[in-house]
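I would like the entire structure built from these sequences, with the hints used as guidance.
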Amino acid sequence: MLALLIRDLRLAVRAGGGFGLGVAFFLILSALVPFGVGPDRAALAPVAPGILWVGALLACLLSLDRIFALDHEDGSLDLLATAPLPLEGAVAVKALAHWITTGLPLILAAPLFGVLLQLPPAAMPWLIVSLLVGTPALSMLGAFGAALTVGLRRGGLLMSLLVLPLYIPTLIFGAEVTRRGAEGLGAATPLVFLAGITLGALALIPFAASAALRVNLR
Amino acid sequence: MSLWEYANPVRFMQVSGRMLPWVAAGAVIGTVGGLGWGFLTPDDFRQGSTVKIVFLHVPAAMMAINIWVMMLVASLIWIIRRHHVSALAAKAAAPIGAVMTLIALATGALWGQPMWGTWWEWDPRLTSFLILFLFYLGYIALWSAIEDPDSAADLTGVLCLVGSVFALLSRYAVLFWSQGLHQGASLSVQSGERMSHVYRYPLYLAMIGFGLLFLTLLLIRTRTEIRKRRLAALLARETRA
Amino acid sequence: MRLLAAEGLAVSRGGLRVIEGLGFTLDAGEALVLRGPNGIGKTTLLRCIAGLQPPAAGSIVLAEDAVAYAAHADGIKPALSVAENLAFWARVFGGTGAAAALRAMDLEALADRPAGALSAGQKRRLGLARLMVTGRPLWVLDEPTVSLDAASTLRFAEVVRAHLDGGGAALMATHIELGIAGARALDLTPYRASGAAPARPHSFNEAFA
Numbered sequence: 001m002l003a004l005l006i007r008d009l010r011l012a013v014r015a016g017g018g019f020g021l022g023v024a025f026f027l028i029l030s031a032l033v034p035f036g037v038g039p040d041r042a043a044l045a046p047v048a049p050g051i052l053w054v055g056a057l058l059a060c061l062l063s064l065d066r067i068f069a070l071d072h073e074d075g076s077l078d079l080l081a082t083a084p085l086p087l088e089g090a091v092a093v094k095a096l097a098h099w100i101t102t103g104l105p106l107i108l109a110a111p112l113f114g115v116l117l118q119l120p121p122a123a124m125p126w127l128i129v130s131l132l133v134g135t136p137a138l139s140m141l142g143a144f145g146a147a148l149t150v151g152l153r154r155g156g157l158l159m160s161l162l163v164l165p166l167y168i169p170t171l172i173f174g175a176e177v178t179r180r181g182a183e184g185l186g187a188a189t190p191l192v193f194l195a196g197i198t199l200g201a202l203a204l205i206p207f208a209a210s211a212a213l214r215v216n217l218r
Numbered sequence: 001m002s003l004w005e006y007a008n009p010v011r012f013m014q015v016s017g018r019m020l021p022w023v024a025a026g027a028v029i030g031t032v033g034g035l036g037w038g039f040l041t042p043d044d045f046r047q048g049s050t051v052k053i054v055f056l057h058v059p060a061a062m063m064a065i066n067i068w069v070m071m072l073v074a075s076l077i078w079i080i081r082r083h084h085v086s087a088l089a090a091k092a093a094a095p096i097g098a099v100m101t102l103i104a105l106a107t108g109a110l111w112g113q114p115m116w117g118t119w120w121e122w123d124p125r126l127t128s129f130l131i132l133f134l135f136y137l138g139y140i141a142l143w144s145a146i147e148d149p150d151s152a153a154d155l156t157g158v159l160c161l162v163g164s165v166f167a168l169l170s171r172y173a174v175l176f177w178s179q180g181l182h183q184g185a186s187l188s189v190q191s192g193e194r195m196s197h198v199y200r201y202p203l204y205l206a207m208i209g210f211g212l213l214f215l216t217l218l219l220i221r222t223r224t225e226i227r228k229r230r231l232a233a234l235l236a237r238e239t240r241a
Numbered sequence: 001m002r003l004l005a006a007e008g009l010a011v012s013r014g015g016l017r018v019i020e021g022l023g024f025t026l027d028a029g030e031a032l033v034l035r036g037p038n039g040i041g042k043t044t045l046l047r048c049i050a051g052l053q054p055p056a057a058g059s060i061v062l063a064e065d066a067v068a069y070a071a072h073a074d075g076i077k078p079a080l081s082v083a084e085n086l087a088f089w090a091r092v093f094g095g096t097g098a099a100a101a102l103r104a105m106d107l108e109a110l111a112d113r114p115a116g117a118l119s120a121g122q123k124r125r126l127g128l129a130r131l132m133v134t135g136r137p138l139w140v141l142d143e144p145t146v147s148l149d150a151a152s153t154l155r156f157a158e159v160v161r162a163h164l165d166g167g168g169a170a171l172m173a174t175h176i177e178l179g180i181a182g183a184r185a186l187d188l189t190p191y192r193a194s195g196a197a198p199a200r201p202h203s204f205n206e207a208f209a
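Those sequence lines, one after another, are chains A, B and C. Counting in the UniProt record's numbering, the first sequence runs from 1 upward without gaps. Counting in the UniProt record's numbering, the second sequence runs from 1 upward without gaps. Counting in the UniProt record's numbering, the third sequence runs from 1 upward without gaps.
You can trust all of the hints, since none of them are fake.
Facing chain B, from chain C, some residues (calculated, C-beta under 7 Å):
id : residue
1  : 16
2  : 204
3  : 205
4  : 209
The set of hints was computed from the structure by calculation and includes no laboratory data. Glycine is no exception: its CB is placed at the ideal position from the N, C-alpha and C atoms.
Okay, structure coming up:
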């Protein structure tokens, strides 16, 4: 399992773009919103938590099809399916690699973009915590969507259609944590729900995703 | 003979063919009767004549949810017992469910305008239906994107299971997110005691009618799907030989 | 030692059976070459044996984790070096002997080169070297000699022979004579599916035909 993780990370580093693209997209989105909403602090601050979460979610979506598509093309997926490593484990590891290359840079960059969007300083820790707790679910659910559409030639758009509705609960609770943090309210309840969804997704989705992969391999 | 024998395509075609006229007749009586009777009910003292949209709105909303549940059951039957008709029935049901959801949303908007003064409100129930509609769209899109029927049936089955869990999660997440305006009391069916008999009986009839309407459409669509699969199978055999 | 036993096997491609009623066994030290015209279902059969696809009917009995599968796509990452590619698969399969595998397939000089810079034949050799590091006894090979030159083909035959001598077995689909002594040939033509309706439908195309 570790070997697979190291290989995926090494590939992401060597191929380039793996770390950078999502964050660059996130930056552009955060820079565009003020052009649409207006430069007022009073207008930006209330929408900042939501924009940051939606931005993180879309940035995460961008790189999802890379989770399995390349391995499917070059036959690695066939070989992984016959390896002693259970396919469920391989799916979980690949989702983890996606999170490290996409989710983690987003979390590190989010406070910076929060400043751009006039997010109140009190909300910063909550933003980071909510992203830290929520984004693993985004990667895992994304891996499920990628597994469903791996054999399709133009699966990218379809995958967004399948994955985005699954992101709704995570988005609601994640943005709610940040919003409550910004308003100085207690954010523990939505944070617990968010963690519950993430843990549930991490526990169950690998089985669904590997079942979908097996169907697409045959 | 076991219940599962009805899942045999030939047997299903025979039985469904015999059932179809009766079910269709029931659907016509139920929907026309329920909606017509509903139209003739007196105006509500607060809501005026707009209350009559309930006879369309509530049955459609009810069916929107029930059809998803039916798809979930059919997908489970397919995944566990591998009855091909079951997978096709789930496929056939999805567009009907999507249309029912759309009717519920549209009538909700039409009703919301005079009642709440807005076409759309991010109220938990409306939002949940919008999310349900998105799930229907994804399911239909996945079916139509995959050419191989065996893969498509398996993948949409898995999507239906996962989607059901997340649709339910979204429902509660949305409740948490916004407390909403949807008045439960005077309109909802569950609190029947608040609703006058004048409205309740035609509503029940319309609900039965919509259930039968769904069954009629489902049978027709499933029969079409079976014939389509049969054509495809014959064609595949022909090109192979 | 028996490594593989297939009985009453039927496999389908695109929802239609291509082979049915196939039975054969493979013991340690044996090589079995599948023959038959294009489209008879050799690839499909090999994918079934490798466990990538369920058979339409019949049984495949294999030891747990026995199969190493090699097909047209070699699972090579162009951004990694030859040695890194091989080391990765060795770690995933828990096998050893990457250095010996490189030597056997004459890839030592290329070990540090990125795999993306290899020619088709060199990639193929790397893909076959991967078999050696899996440590698995049953090699399932789909056209292993495609894009190999004569010298590499001989080298590969040598590797297969050494694998058989070491208690392994090989099941392969190939059109050329590898010159492996004692290799049996199995012609699939007699097992071509008749097109008669099966007792228990497996796919949509069978259920509704």
